[in-house]
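Chains as they are written, first to last, in the numbering used here: chain H, 1 to 123; chain S, 124 to 469.
FYI, nobody ran anything at the bench for these hints, they're computed from the structure.
Since the model is a prediction, treat every value here as computed from it, not as a measurement.
Check the hints yourself; a few may be wrong.
Result set (DSS-like, lysine-lysine): computed pairs, CA atoms no more than 30 Å apart in a straight line [said to hold, decoys possible]: (1) S:LYS286 - H:LYS109; (2) H:LYS109 - H:LYS41; (3) H:LYS41 - S:LYS286; (4) H:LYS19 - H:LYS7; (5) H:LYS41 - H:LYS97; (6) H:LYS41 - H:LYS71.
Which chain S residues stay away from chain H? Per the calculated CB distances, all over 12 Å, these [claimed, not checked]: (7) TYR197; (8) MET337; (9) VAL431; (10) LEU455.
Taking beta-carbon pairs under 8 Å as the criterion, some of the chain S residues facing chain H (in silico) [what the hints assert, rightly or not]: (11) ARG188; (12) ALA189; (13) GLY191; (14) ARG192; (15) HIS193; (16) THR196; (17) VAL198; (18) ASN327; (19) ALA434.
In this text, a Cβ means the ideal position worked out from N, Cα and C, and glycines have one as well.
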Amino acid sequence: MAANPAKPIIEVLKQIVSKPYTMEYPENRESLTDNYRGIEKLDMKTCISCSACARICPNNTITMVDVDTDKGTKVMPEINIERCLFCGLCEEVCPPKCLVLTKSYDYEKYDRREFVKRPEELD
Amino acid sequence: MDISSPFISTYYSMVHSYLSQYLAAAQLAAASVIAGLVVFLIALSIIIIGFSYIFAWLERKIVARAHGRHGPTYVGPFGFLQNIADFIKLLSKESIVPYSAERPLFPMMLPIMFALFVVIMAFIPLTSAFVGINTSLGLLAVFILLSFSPLLMFLIGWTSGNKFSSISAQRSVVILVSYEIPMFLVVLAVAMLAGSFSFSSIVNFQSSGWFLLMMPIGIVVFFIVLLAELERPPFDLRDADSELIAGWLVEVSAPYYLISLMLDYTRVLVGSLLVSILFLGGWLGPAPIPPFVWLMLKVALLTIFIMVIRATTVRMRMDRVLRLGWAYLMPLAVANLLITFMLFIR
Numbered sequence: 001m002a003a004n005p006a007k008p009i010i011e012v013l014k015q016i017v018s019k020p021y022t023m024e025y026p027e028n029r030e031s032l033t034d035n036y037r038g039i040e041k042l043d044m045k046t047c048i049s050c051s052a053c054a055r056i057c058p059n060n061t062i063t064m065v066d067v068d069t070d071k072g073t074k075v076m077p078e079i080n081i082e083r084c085l086f087c088g089l090c091e092e093v094c095p096p097k098c099l100v101l102t103k104s105y106d107y108e109k110y111d112r113r114e115f116v117k118r119p120e121e122l123d
Numbered sequence: 124m125d126i127s128s129p130f131i132s133t134y135y136s137m138v139h140s141y142l143s144q145y146l147a148a149a150q151l152a153a154a155s156v157i158a159g160l161v162v163f164l165i166a167l168s169i170i171i172i173g174f175s176y177i178f179a180w181l182e183r184k185i186v187a188r189a190h191g192r193h194g195p196t197y198v199g200p201f202g203f204l205q206n207i208a209d210f211i212k213l214l215s216k217e218s219i220v221p222y223s224a225e226r227p228l229f230p231m232m233l234p235i236m237f238a239l240f241v242v243i244m245a246f247i248p249l250t251s252a253f254v255g256i257n258t259s260l261g262l263l264a265v266f267i268l269l270s271f272s273p274l275l276m277f278l279i280g281w282t283s284g285n286k287f288s289s290i291s292a293q294r295s296v297v298i299l300v301s302y303e304i305p306m307f308l309v310v311l312a313v314a315m316l317a318g319s320f321s322f323s324s325i326v327n328f329q330s331s332g333w334f335l336l337m338m339p340i341g342i343v344v345f346f347i348v349l350l351a352e353l354e355r356p357p358f359d360l361r362d363a364d365s366e367l368i369a370g371w372l373v374e375v376s377a378p379y380y381l382i383s384l385m386l387d388y389t390r391v392l393v394g395s396l397l398v399s400i401l402f403l404g405g406w407l408g409p410a411p412i413p414p415f416v417w418l419m420l421k422v423a424l425l426t427i428f429i430m431v432i433r434a435t436t437v438r439m440r441m442d443r444v445l446r447l448g449w450a451y452l453m454p455l456a457v458a459n460l461l462i463t464f465m466l467f468i469r
């Protein structure tokens with residue numbers, strides 16, 4: 001038997017009156033640090049189709065795909081978020097800084113195939 | 124006609140005076156009694172369903188807060204309507220009775236057990252006027268009816284034809300039977316002190332001082348024994364989720380599961396009513412608040428304490444439960460009886 005049998009009950013009572021640790025996810029978000037790296041965002045207007053992001057990616061997450069723009073067909077990065085390790089090398093290597101990592105962390109999808117993001121979806 | 128319950132007799136005389144213009148004497152008496160009973164049953168079912176609803180919601184909320192979670196939040200304000208959603212879900216599911224179950228018995232046992240506790244509720248007064256069956260042996264009647272619960276509990280588990288349910292039922296019987304003796308000893312001390320088996324006179328006797336103050340050992344023993352009799356944690360060996368997969372409820376499906384939940388909540392209501400009437404002065408309290416509210420206040424505090432204990436403790440091992448019952452609570456109950464006799468009776 002514990003030394004003071006009332007102690008655990010008092011601890012639980014304190015816990016009951018204090019605020020819960022968990023958050024109600026879609027409405028309330030965690031406050032993230034400045035260097036948090038989340039889902040990628042691509043600015044299709046400034047992308048120069050250099051493929052530097054695809055070459056530096058350690059996981060082969062990025063493949064260059066054809067995209068029809070108003071200036072003709074260009075190659076742009078298509079990212080498989082499921083495979084991405086959010087190292088930020090693509091952001092570092094991008095010459096016009098058009099590929100950046102945002103603070104978004106909404107990864108939930110119904111289908112694995114939806115994790116492969118076309119350039120249009122990243123824009 | 125002499126009816127001992129003040130609540131029923133009030134409605135009896137009301138209906139009687141209204142119907143006497145139209146009906147013959149015998150029919151009139153029958154109709155009036157039935158009307159009084161129906162009004163009582165409606166009041167009782169409102170109390171039982173209301174308590175079960177609030178208890179189910181509050182338990183989920185309090186246990187969640189103890190874990191640092193939110194609990195139900197989405198359905199209604201503070202998730203208060205979550206139970207209605209669960210109720211609809213349970214009623215819309217299929218009711219399956221397994222082939223190995225004893226056919227007429229298994230579907231009958233849970234409703235019978237629930238009915239047993241509703242009958243017990245009829246014996247327990249909620250105010251000095253609101254009693255279903257007002258007898259001078261109310262205390263005895265309640266504990267005699269309570270002692271049927273091991274048998275019914277065993278039949279629920281055993282007739283389902285599932286080995287987990289059967290083990291759970293055996294555990295249940297062992298705990299219920301071995302904890303009944305200290306409970307009876309404490310109740311005996313209460314009855315001895317009040318000099319009566321009637322709930323009303325036990326409560327009236329406490330107008331000078333609660334029995335909580337007269338026998339502090341008694342209430343501690345009675346409360347621990349009550350947790351075991353209600354099979355609440357830490358004595359919930361009956362539905363040990365991790366070993367017996369919810370034990371006696373393995374084969375119980377949709378509407379019967381609802382009844383089993385209602386049954387457990389009604390048992391908690393009966394238990395906290397017994398503690399507050401036997402030890403905490405029942406409906407007695409300072410005047411501006413009505414007696415029924417005083418009683419419900421005490422019941423609410425006790426049930427919240429029961430929930431807090433559920434969030435605090437871990438499940439006890441079977442041999443330790445029995446050891447606690449026979450080696451500690453039983454001598455304490457006897458000591459309580461002797462001390463009460465020495466100090467207040469002799």
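Exercise. Which hint numbers doesn't this structure obey?
Worked result: 1, 3, 7, 9, 17, 18
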